[in-house]
Amino acid sequence: MRQNRPALLWARLQESPFFWLMPAAAFLLVFYTYPLLDVIRLSFTDAKLIGGDYAYTLRSYSRLFRDPATLRSLQVTLIFAIGSVVLKLTLGMLLALGLDAAVKRGLKGMVAVRTSILAAWVIPGVIVGVIWKLLLSTSSYGMLNYWIESAYGTSIPFLSEPQMALMTAILANVWRGVAFTMIILYAGLQKIPAELYEAAVIDGAGAFARFRHITVPMLVPVIFIALVLMTISGVNTFDLIVALTGGGPARSTEVIALSVYQQVFKFMNLGRGSAVAVLLLAINLGMTLIYLFLLRLNRDRN
Amino acid sequence: MTEATTYVGRRSTRLAGNFGLYAGFAVAVALSLFPIVAVLMLSMKQRHEVFAWPPAFLPEAFNLSTYVYVLTQTPLSRMLWNSFYLTAWTVVGCLLVSAPAAYAFSRMRFPGHRTILLILLVYQMISSLVIAIPLYRYFEMLGLLDSHLGVILVYITVEIPFTVWLLKGFFDAIPVSLDEAARIDGASRLQVLRLVILPLAKPGLAAAMIFNVISAWSQFIVPFILLQRTELLPISIGVLNFAPGQTEGEVTIPYLAAASIMAMLPAIIMFIILQRFIVQALTGGAVKG
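Chains as they are written, first to last, in this note's numbering: chain A, 17 to 318; chain B, 3 to 291.
No lab work stands behind these hints: they were computed from the structure.
Possibly wrong hints are sitting among the right ones.
Stated by the list, open to error - If you anchor each label on the Cβ, the simulated ranges turn out as follows:
{"no.": "1", "chain 1": "A", "residue 1": "Arg28", "chain 2": "B", "residue 2": "Val94", "range": "25 to 31 Å"}
{"no.": "2", "chain 1": "B", "residue 1": "Gln75", "chain 2": "A", "residue 2": "Met180", "range": "33 to 39 Å"}
{"no.": "3", "chain 1": "A", "residue 1": "Phe224", "chain 2": "B", "residue 2": "Pro205", "range": "38 to 44 Å"}
Said to hold, decoys possible - Over 10 Å on every C-beta distance to chain B, these chain A residues come out as not near it, computed from the model:
{"no.": "4", "residue": "Gln91"}
{"no.": "5", "residue": "Glu211"}
{"no.": "6", "residue": "Ala216"}
{"no.": "7", "residue": "Val236"}
{"no.": "8", "residue": "Arg317"}
C-beta: ideal position from N, C-alpha, C; glycine also.
So that you can see chain B by itself, here it is in the shape it has in the complex (with noise of 0.2 Å):
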């Protein structure tokens, strides 16, 4: 007897409990996807919708007729694709130089390994705020304000800090007796690299890859600084332009709501693809450092 209503009380607060944790959840989901929604049904709405008063949640009709005038009529398009050129570059410069210095940091021992490995921390750390202000002086006088070159060669440089400690930490994690089995056959060092190690870290240069393209999706104050001519803007600083300036008023909201949910698109498309992976490179290396 006393046995079965403890058993029907355990399992009454633990579906109680499970309602609250569903409930709690269901809050935060809906406050962090609402602003996200909103914008999309205002991307939606035509310009009459826009003034209406009282305002309605949804479109009167879910028409893309904003998405295709912003994509045509627009710069919109030349800068999404702004943005991906650049992330790319980014991506392919940045593990290029990174990995063979996570391969030294992890493989090799020589004086000043840990200094250099903590000015990298360090400068993980630094607003890039603090090196645009000089560069916009050198770019000037070198030509290469005002030009991709010159903004790719910044985004390369300021993921190289943690996409080399990202790196060594995989690297690190292969046992050094799979590289002295192939160096005994005759490999070299840059063989061991290419055809032991990379092939075995392949989690974490995907995992460098994911992290070097939101970062270099989400560059703001680079191409802020470096950047002027509309035709080379990336989306992140282009979207800016959607803001209603002082003539043609608030009719261009939707515009800017387009513009918005199409610079989110890729990366939060990219995000719930590889969403298991990224929380794992997330949770093993945030702890470590």
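Chain A extracted, bound-state conformation (with noise of 0.2 Å):
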């Protein structure tokens, strides 16, 4: 009987969550939720990165949206942003249109095709930087400006000239991300029911009607959530731009994370660059209560 005992405590062990959740929570308590917590009560303070004393204080607010380049690192972030999920949503939605016609048609090479397009998202996004970087230099090199100035005269300063540089920053992370919209759209299209199609060719309805009326409904949730999760990652977005310009000319292409990472880590302003960080904490919460309550949505309508 005796012997028993620690065998009933182990399985008795098993019975509580907590011994399930043990593991994971201890990593996300330790170094997530500690470290987040850490970095709003930092926010209120004057700290410095190379440490020594410091006090609590609302200056860094206060500050923050006076600071000229903190509101120009948000609207370079919009644009970055919001540029991305147009070409992406607009490319990625002909791109499965096109995939899924194709796939009907019984068209052969399509898991080629498939692959080819996918093959940019699985690069890691400093090197999609590196490799657009090398591709539209206006040295020898960049074959790209060489074919440009054959055909027109001229070279294009991709990355040289403020505004172009962040319009080339949107091609690079369009290039990288558009497969992942496609394969969404994609999964979207697969659940339309193929008889409303059938329905609406024998009601005599044309192509771009059964498109406007059939796909475009039906496949609402579905672009809602594409373009939740777009604008988050657009948001975030910090190794290509690292790569590709290092957030300049003239700090034209500084998103909000490089903001964050050049005040804690170039100028050492640890409080300061909390509250940027916090203020990017905000926009991720913000979209995900959007994406959480679209969730919600879609599984009502269901």
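From these two lone chains plus the hints, build me the complex, please.
Put into structure tokens, the structure is as follows:
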């Protein structure tokens, strides 16, 4: 009887959810929740990265919205995120519709097509930045600019002219991410019942009418979810920008994540950097709330 | 007569449609692959070709001497090894802690069940830059700064939310009656997980593994902030060291190109081998959330 006691205890322990959640919870509490709370605390201080005494203050926040650099980086982030989302959605939709039509017609080679488009998506963001920088260079090895110069007589300052650089960053980001949008939308297209289209054909609806009155309304939930996910990943972009432009020229591509990094690790202003990080956190949380709301809406609809 | 003409008419519009689709995809594939191919060509050029005007798309000869150089004379192979090492430990660690948690969320009811799942979803959306700032300070105090152990712990943490959600989805699809049958036969919950659920959820475990590999291989923010010494850097950070500095100018451009190719190669090879599987997991999970 006594021998069984440890075994019994072990079995009882396994009945507790705590036993199963403990390992993951330990990781998340120590390396996620605690840092998250601490960054909020630090944002109310004037702490420096190198340490030393610090005091609690609201100065970081009062400066935050008066600092033209912060407002500028918010604006850059907004343009970057919206530009990426609009292009990814448009191109991703075209690709998804094309892929869907091709698969339904039984065209050969679609797996190869899908694989080539998705290849860009598995490449680390920093490498995407590096290869586009090499490609678009105005130096002698920049293939694309050589061709443009041969055709139009002048090269394009893709990375050296402020407004152009932001557009270039958007294009590189779209190149990387459009495949993911395509796959999400393609999955959504598979869920639309074929009978709807058959009925519409019998009623004499043309291809555009079918797209407008069946595909779009049926796809709206998926489109909205894709929109939110794309916006979050756009707002959080860091690696691609670091490698492609480093935030320049003249801070024209300095997205908010890069501002946080510069403020904390270049200027050593832990307090002010944390306040910008909290701003990024707030944007992330806001977007996530919209995402959760949409998920619930979709569930209620089904 | 009329029937025959409509048939021919339909057939030709259909063929035109097929042609249009192929043409569109040809453009899409070319745009997707061009940057990769162009960098591959650049990586095989010799120094004088980098400065040649007009530049040629193809290198004079397909020689791999640049690769031999970067692999033997620079820390590149060390960085590739670091990436493999960090990725492997992250995947193992993440599955070990996420699978039990996913089991609890799938098979047990407890207070806070829904709330914790929602918090996990929120964590998945937050930029790891936000937590990396305070982590830099703690790791400095704990002596974990500039160490692989510290980075692995953070990698595991940021992968847990997604992995738990993914595995929970796969566990939910396994009928509870199988658990109950095993429990009646005297199996403990741990045995049920090990002998019933995990074997049946193999596709889920594989999917979790693949996604963790891709994301750990691409990790940038965490090692960028928490690692400094060259011999510890993963390839995703290390590749930036190949960017031409002020002193050597653009002579090193082929090295940067070769390093970039080496950094993306493992991810692309794995993706091509497992792509059918990845697309399945992606389309199954993405819409659900």
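- Is it correct that the beta-carbon of Val236 (chain A) has no partner in chain B closer than or equal to 10 Å? Val236 (chain A) clear of chain B: closest Cβ-Cβ about 13 Å, beyond 10 Å.
Per the stated criterion, does the least C-beta distance between Arg317 (chain A) and chain B lie above 10 Å, as a non-interface residue requires? With a cut-off of 10 Å, Arg317 (chain A) remains clear of chain B, as the shortest Cβ separation is near 13 Å.
| 10 Å cut-off, C-beta based - Gln91 (chain A) kept clear of every residue in chain B | 18 Å, holds
Far enough from chain B: is every CB of that chain over 10 Å from the CB of Ala216 (chain A)? 18 Å, holds
Q: Could you say whether the range 25 to 31 Å given as a hint is met by the Cβ separation of Arg28 (chain A) and Val94 (chain B)?
A: Given a distance of about 29 Å, which is inside 25 to 31 Å, the answer is holds.
Notebook entry, point to check: Between Gln75 (chain B) and Met180 (chain A), does the beta-carbon spacing fit 33 to 39 Å?
Noted result: Because 36 Å falls inside the window, the suggested range holds.
| task | Hint says 38 to 44 Å; check whether the CB-CB distance for Phe224 (chain A) and Pro205 (chain B) agrees. | result | At roughly 39 Å between Cβ atoms, Pro205 (chain B) and Phe224 (chain A) fall inside 38 to 44 Å, so the hint holds.
**Report entry** Check on Glu211 (chain A) being off the interface with chain B, judged by Cβ distance over 10 Å
**Finding:** Given that every Cβ of chain B is farther than 10 Å from that of Glu211 (chain A), nearest at about 20 Å, it holds.
Hint compliance for this structure: every hint is met.
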